Each structure stands twice: as structure tokens, then as C-alpha cells.
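Student: From first to last, the protein sequence lines are chains A and B.
First residue of the first sequence? That's 39 in the numbering used here, and the numbers climb one at a time after it.
First residue of the second sequence? That's 20 in the numbering used here, and the numbers climb one at a time after it.
These are calculated hints, taken from the structure and not from any lab test.
In this text, all values refer to a predicted model and were calculated from it rather than measured experimentally.
Hints are supplied without guarantee of correctness; some may be wrong.
With a straight-line Cα cutoff of 25 Å, these simulated BS3-like cross-link-like pairs (lysine-lysine) come out [said to hold, decoys possible]: (1) 246(B) x 211(A); (2) 456(A) x 246(B); (3) 430(A) x 28(B); (4) 430(A) x 246(B); (5) 211(A) x 24(B); (6) 211(A) x 369(A); (7) 28(B) x 52(B); (8) 52(B) x 24(B); (9) 328(A) x 369(A).
Not the full set, but computed from the structure, chain A residues with beta-carbon under 7 Å of chain B [what the hints assert, rightly or not]: (10) 209; (11) 211; (12) 247; (13) 250; (14) 424; (15) 441; (16) 444; (17) 463; (18) 464; (19) 480.
Anything over 10 Å on all C-beta distances counts as not near chain B; from chain A, calculated [said to hold, decoys possible]: (20) 239; (21) 252; (22) 322; (23) 407; (24) 468; (25) 475.
Glycine included, each C-beta is placed from N, C-alpha and C at the ideal position.
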Amino acid sequence: MILFNSLTFLFRFFPVFLAIYYLTPARFREVVLFFGSIVFYAMGAGSMAIMLTVLTVANYVLGQMVFYEDKGGLKPKNKQSFIAAIVLDAGALVLFKALSGITGRIVLPLGFSFYLFKMISYQADLFRGEITRRPEIMDTVVYFTMFPQVTQGPISRWNSIGFEKRDRTVTVKAFNDGLFFFVLGLGMKVLLADPLSILWNEIEKIGFESISTPLAWMGAIGYSLRLYMDFWGYSLMSAGIGMMLGYHFVVNFLHPYWACGIGDFYRRWHATLGSWFRDYVYIPLGGNRKGNLRTILNLAIVWLLTGLWHGITPNYLIWSGVLFVLIVWEKFVVDGLISAFPIIGHLHVWLFIPLTWVIFAIPDLQDLRSYFMRLFPFFGNGINVNSGDFMKQLTTYWPLLLISLLLCTPHWYRAIVKNRRRLPVLLALVLVFWICVYRIVISASNPFMYFSF
Amino acid sequence: MRFIKLLWKRFTLLCILALTALPLMIIGWSGRKTIYSEYVLDPLRQPGLTLVFEGLHDGVYPWQGLLKPKSDAAEDAGEETTDAADTSAVGDTAVAGSTAGAGSTAVAGSTAGAGSTAAAEETIVYTEAEDSEVEEMKELPENAIAGSVDAIPEGVCNPVMQAADYDVVNIGFLSPDDTEYNTDTEGIFAKNGIYYKLGLVDATYFSDALFIGDSRTVGLCEYGSLKGNAAFLAKESVNVYNVLDQELRYTDHDGETWDAYVEEILSENKYGKVYVALGVNELGIGTTYMYYEKYREIISMIREYQPDALIYIQGIMHVSYDKSSTDSCRNNTVIVQRNMAISTLANGRDIFYIDMNPYVCDEDGDLYEDMSGDGIHLKASAYEYWDRFLMENAIVTGE
């Protein structure tokens, strides 16, 4: 698979692509981006590129029928085309997810749920008249297939990434910033997330029933940070590449661990997914405008779908169910208290979010039970617990945990971003880049680097 | 000049990246046939500068290429290859040399020495000796049995547990099926017709034992019942190729810990038994034959420092079905072949092959899923099976 943090991408695909992209006259660059994206996708998913292309073309054709000029009601809304498009996109998504879940064998095409969510949002925006200028074919295919987003999102919107106004001129500043965010994201992914993932592996190795309670908590925090560094790092790389090609920065993470409450957390965590559910599910269902009971029901639907979107094993449903309960609790019971004492909201995040990530991480319910029994050892003792396990892991992982925790606060990140054009910061970033390359080279030639036994 | 200035001012980060990449590229490409000749470079997928990083990781530094004239470096590279090819020969001589005497002393030593307290006598089965060997029998230790020098009798070592082959193996990690391993007729690895059978012992048996190994042995130390009784010398990620070159964590019989080299520990202490378990981290490195050769060197080294100790070669524990059916290097096909190879080093007299796999694997030879969290290690709660296996498969040589 061609990943941003692979040598093939860093030193072969991306430099060659960039050179061709910028040597091509501006009006043909979208063609270059489209073909580049298909090559990128096919390198990772082979024949699945055909499905991506077919869905892209189908959505363009249907989208042309859905589009209407909203000036003076010249043309009525084409409901049939819109329904056909939604049935096609949502149907494909449900069909593949269900087949994969039932058989356990059919693998979802790479990035499937990300690009289908984009397609659904595109059709809905067309239908609602939020896209006011008739989309051109190259714009549309590039929007669906663009390689910085095709495999893992973010689920950018047509209007927010720069297609609506076609204001995609590349500036030197944007290019440099894009490169900056790309390297920063690479550092988070390779130097923090990847090594932190070994901590979780260590815990799995010991067996959940045998970890000490301090290690269980360290594992929960370590997993929460690893997930964040991994996904945020990826999102920054993706946004950075986008900027280098002339598109707008897509905000996908906004210091979620600094959030004041669980609801706030999910406005800042994987924000493009959260806002997708808000705009295309929650608000169309009536949002919070139809009374408390309907609001709760709408939230339940959103969180049920969020759970299913992540996977169909029971732990995802428990995960989303717990989040639903927490959000309702915050919204209807302790809302006033959190407004008066924001620290309560922060404590909610710091306590409950790591616990929900543990549910997210462990698909087997028996294992999940064991882990929680070790987190809260009031209900029984572990089996063959070695009380020295916490110190052993802490000695190895404290620097990674500390740096990741610092990056969770907005202050450190903002300080880095603010000084991003200063030479010392740039030099430090170059050092980060080469250390990343070192780690990537070593892990490529030695598959055991991350899993040394 | 103005253009360069402008370029620097406008694209500083890109310029620094390019400026730092350039020397790395030059070093990588110019050294690819000399100092980096051992590394494989696929120019379509990776740039030449990756060679510099691979070298750094292995202690090959760029200036080594500059210090040596080109021809020398080339020769060196050539020599290294020849050396690698000749290792077997060199290894054999060394072993033969050190063993001519060692073999016999080992037998004598074990007779007089060990004197372990164990409940093993009852379980050891003796076979009747041939008439022609009666004279020789007089010289044999009490618990020993006589047999032929061609084959180790049943019950002296464990058989190598077989496993289902899921056809995912990368054959680069295997050696041809007809590869011959230990064919010694003299020296420490040769059989001489005197054997001991495996039997049952209690925990005190391990009070003079040393366990050498990788993270699996670390787990045995941390979660098994032998800590505070046996000594352990183990570290995550070690393999037969690097175990002698780095400090491992030593846990002595009282549970005290410090870092030490294998040679250091072996030369400073005397053990009655040395258990070796190495073989997971090198599943993706080299072939079975290379692994076997290194293993053989390590056992020879242990024998040199510990002439009286019983050496137990522990067969590599299998991996789970999930791993074995999907992973091209960490699978039971490779493990079984490697176990077959190292099991030939056992002589049944003072070097034994023991195989714990029947205690932790299903009928397909796959590690039980519920005994392992990651498919490779035993869970903390499953180390008791390893403990039990060790107690039920031990040699008592004295009375």
C-alpha cells in the first residue's frame, strides 16, 4: 500500500508528481492530479481503482441532473436524480459493510467510506443549492479521487476546500505552509504514534487479565494518545499536501483533548466526520428544534450510525452507545454545571474519553471485561499480575507520553505553528524529517522494529 | 546568484531539505558498491540515500568509505562475502577443536557432579544394554542408558512437533529440505551411545539453572514460577546473530537484576543447566542453515565456559493460527524447519532438545489462541504451561 509515510511516497511518487504538476500549465493541472490520484490509489488497491472511477463518473452524471440554478426558480429540483444518487452511494456503503461483516472475508475497498461520504455530501449540497455554480467534470473527479484524501479522508466539503469559488491559486506561502504541516504530521505519525503503538502491543502480549491497575490506566492513556497522534498526524500530512497543490487547509482535529466536555470533544475530533453527521443526518432529522425527546432520538440515530460506520463488532456499538449516553447526560443534566465550572467538562474528557477508547480498541467482549476489571480492581483480582510491569513500561515510554501530552495542549502546537517561518524551527523540522526517514528505512528493512520479541 | 537567494528566501524549508538530501544521496550512491554493497537497493521504490541510514543502523558510517581507498573497500566487500560463505567451515573447525576433550570431560563431569535432588528416578526408564557393551556399561553413570551412536533413543529428547503448513511461507527464510545439519562423529555434538532420558523434577532442580533467551524468556522470568529460583539472561528483540554482542538483563537466583553480556555471565558463574530459547526474532532473517550455524556457535561457546552443564536446546514455540496462516516469515512452517535443524545438535548425553509445543498447541501445531494475546507470546496467565513442561522434561544425571 502506498502510505504517506513510505519511502515510495516520500522519495518517488510525491516529488515526481509535484514536478509534473507544476511543469504542467495551470489549466491542465487537475488532469494531472486526477491521473496521479488514480495511480496512487491503484498502487494501494489495484483493481478497486475501477470501482472508484465508476462511482466517480456515476456521481458526476447524477450530480449534473441534481444541480439546479436557484435564481428565480428556473428549474425545479430533481428529486428522482437525488434519490438515485443517495441510493447508489449509501447502498454501496451499506452493501459492502454488511457483506464484510457477515462473511468476514470481503474486504472493503480502500478508503471506501471516506469517498462515499464525500459523494453523499456532494449530492446533498447540490440538491440543497449550496453548490451554486455548475460543477465541471474535472473539478468533480478531482474532488472525489484526490490522493491526499482518498484513502483516509478527511471528508472535505466541496465548498470549503476551494471548488466553489475556484480560488485555488498556489501561493509561495501556502506551499511552504503545506510542506511544514506535512513534515510535522509525518513526525507525529512516525516518531510518536508508531512507537506508542508498541505499548498497546505489550499489554496485549501480557494479556489483559494479568496487567496491573496502573499499567491498565497507562495503556488507556497511551492508546488515546497514539490514536490521536496517528490520525492527527495523517490529517496534517493530508492537509499539507492539499495546500502544496493549491487547496485549502482542512481542519480535522482542533485540540480535542483540550475540549470542555464530550460533545465539545467530538466537534474537535475527526471534525469532518462529526460535521458530516451533523449536516447530513442530525439537522435533516430536525436536530434540536423539535423538542427534547426528538433531540435525544436524533442523537441516538447519529451515534448508532457513527458506531456502525466504524465497524460492526459489538464493541463499536457499545462505544457509540456510551458516548451517546455521556453526551445526553452533559446536554440535559450537567450543562449548567459545566458552564459554571469548565473544569468539570475537562475532567469528563480526560476521564471518559480514554475509557471509551479502550472499548473502541478491544473487539472481544470477554477481553473488554477483563480490561475493565483491571482498570477498576474492585470486582476481583487479576491472574498472575506482576506489579513491576508499570514501572518497566513507564521507563520506556515516558518521553513519548510526555511529548504527546504536551502536543495535546493548544499552547505548544500554536507556538510551533506561529514560529513556523523561523529558521531554528525549520532546522528542527528538517531534523525531524530525517529521523523519520531513518525510522522508516529501518522498519522497512527490519519488519521487527516495532514488534521485537 | 540572485535567483538562488530568491529561492532560499522563498522556499527555505524545501531548500534545507534538498541541501541535506544532496550529500546523503551522493554518499549513498557512491558507496553502494563498496561500504553498502551488502544492502539491496531497489531504485524504483527507494532512493540511494536510504543506504546511508541502513548503514548507520548497522554501524557502517559514511566516513568509512572515505577513509579507505576505493580498491580496498571493494576488496573488503568481496572478502566479507567469502567469509560469510566460509563460516560453516570455520565454525566446524573451532567446534571440533574445542570438543575433542570437552566431550569426554562432560560425561565424566556430569557423572560426578550434578547430584540433583529430584524425584526423577522413578520416571526414568532404563533399557537393557547389549551384551557386547557390558564392559562399557561399568563405566556409565548410574542413570545413563546405552544405545547406538547412530540415533538417539526415544525419550531422551522430545520429538520436534510438526505443524500444518498454510502455504504462506517466504521460501527465502527456509533451507532446502535435503540440507544436512549435524553430521559430527566426534566432538561435543556427536553421539557416543550414552544417553539420559527426560523425566520429572521439582522446582529445586532449577536452582543451578540459567535461562538464556529473547522476550519469551523475559516473560518466563517475569510471569513464570521459577523467578528467585533459576537465573535468567534475556532481552527483548535478541536473536542468534546479536545475542552475544549486547548486554542482556541478568536476573540471578535471588531475583537481583543487572545488565551483562552472555560471555561475562557464563565466565563468572557455574551452572548445572543452561537452557537456550532463541529463534523468534530471526524468523525474518536469513535461512534455516544460517540460523542453525549461529545456534551451533552459541552452544559451543556455552559448552566452553560451562563444561559440566547440561545444555537444553528449547525448540522455538509455535505461533497462533492467525499468524501462521498469514505471515510469510513468522509462521510454523519456518519454525518447524528450524526446530528440526537445531534438534540435531542434541547428543542425548549432555545436550538435549526439548519441545514445549505439545503443551501449548492444538493438533495442527498452532499455538492456542486463548493462550496468547499477540499470537507469538504466551499470556502471563499461560506461563504455567511452560513451567510445567520444564519440570516434566528434565534430565537427572546423578544419583
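Student: With the threshold set at 25 Å, check whether the alpha-carbon distance from residue 28(B) to residue 52(B) stays at or below it.
Tutor: violated, 38 Å
Student: For a C-alpha distance cap of 25 Å, please report whether residue 328(A) and residue 369(A) respect it.
Tutor: holds, 15 Å
Student: Quick check for students: does the CB of residue 252(A) sit more than 10 Å from each CB in chain B?
Tutor: holds, 15 Å
Student: Residue 430(A) and residue 246(B): Cα distance at most 25 Å?
Tutor: Cα-Cα ~17 Å, so holds.
Student: Given the hint that residue 211(A) pairs with residue 369(A), test it: the Cα-Cα distance must not exceed 25 Å.
Tutor: Distance ~42 Å between residue 211(A) and residue 369(A) Cα, so the pair is violated.
Student: Is it the case that residue 322(A) keeps its Cβ farther than 10 Å from each residue Cβ in chain B?
Tutor: Fine: 42 Å to the nearest Cβ keeps residue 322(A) off the interface.
Student: Would the hint linking residue 456(A) and residue 246(B) be met if the CA-CA limit is 25 Å?
Tutor: violated, 54 Å
Student: Would the hint linking residue 211(A) and residue 24(B) be met if the CA-CA limit is 25 Å?
Tutor: holds, 17 Å
Student: For the hint on residue 211(A), does the least C-beta distance to chain B fall short of 7 Å?
Tutor: With Cβ-Cβ at 9 Å, over 7 Å, it is violated.
Student: Could you check if residue 250(A) really has its C-beta closer than 7 Å to a C-beta on chain B?
Tutor: Where the cut-off is 7 Å and the nearest Cβ of chain B is about 10 Å from residue 250(A), the hint is violated.
Student: Can residue 247(A) be said to touch chain B, with a Cβ gap under 7 Å?
Tutor: Holds, about 6 Å.
Student: Taking 10 Å as the cut and beta carbons as the points, is residue 468(A) off the interface with chain B?
Tutor: violated, 5 Å
Of the numbered hints stated above, those contradicted by the structure are hints 1, 2, 3, 6, 7, 8, 10, 11, 13, 15, 16, 17, 20, 24 and 25, listed in ascending order.
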